[in-house]
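Novice: Whenever a hint applies, use it, and build me the whole structure from the sequences.
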Amino acid sequence: SKSTGEVLERWNFRIETDSEVVEKGVSREKSDKEIMREFQATMRQVCLMYTYTDTDVAVPFTWVESDPKLIANPQMVKLHAFDTKIHKVDTLVSHKNDEWDE
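For my numbering, add 104 to where a residue sits in the sequence shown, where the first one is 1.
Everything labelled a hint here was simulated from the structure, so no lab data went into it.
One should not assume that every hint holds.
[Claimed, not checked] Distance condition first, Cα-Cα at most 30 Å in a straight line; then the derived DSSO-like pairs of lysine-lysine:
hint, residue 1, residue 2
1, Lys192, Lys173
2, Lys192, Lys128
3, Lys134, Lys192
4, Lys192, Lys182
5, Lys189, Lys106
6, Lys128, Lys189
Predicted model only: the values in this text are computed from it and were never measured.
Specialist: Here's what the structure looks like:
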């Protein structure tokens, strides 16, 4: 929340590198088309979660490094993962749990 400084949402992108590919030169068979299809599925989920915002919201033009902004007792949503021939990307969104309480 901007007014309280409390973290209400946290996005976590975990990127793992396939060490066999990098260190040993092992080739993984996966078409560019299949990689693109997986990536598009992930992006569709991101867009479906957040298809609107207030028009008067200030959007930062740059990103800054920060410590992890952890949420106590979060509600977590795991999005579609995708992998390339070298990397695997998992995406997880955490929300403050009482945001959804009635």
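Novice: Hint by hint, say whether it matches the structure.
Specialist: Verification of the hints:
1. For the given pair, Lys192 sits about 23 Å from Lys173 by alpha-carbon distance, which is consistent with the 30 Å threshold.
2. Straight-line distance between C-alpha atoms of Lys192 and Lys128 comes to about 17 Å, which keeps the hinted pair within the 30 Å bound.
3. Among the hinted pairs, Lys134 with Lys192 is consistent with the structure: their alpha-carbon atoms are about 13 Å apart, no more than 30 Å.
4. A distance of roughly 14 Å separates the Cα atoms of Lys192 and Lys182; the hinted pair therefore holds under the 30 Å criterion.
5. Distance hint between Lys189 and Lys106 is unfulfilled; the C-alpha atoms sit about 40 Å from each other, more than 30 Å.
6. Between Lys128 and Lys189 the alpha-carbon distance is near 14 Å, which keeps this suggested pair within the 30 Å criterion.
In summary, the structure is inconsistent with hint 5 from the numbered list given earlier, while agreeing with all the others.
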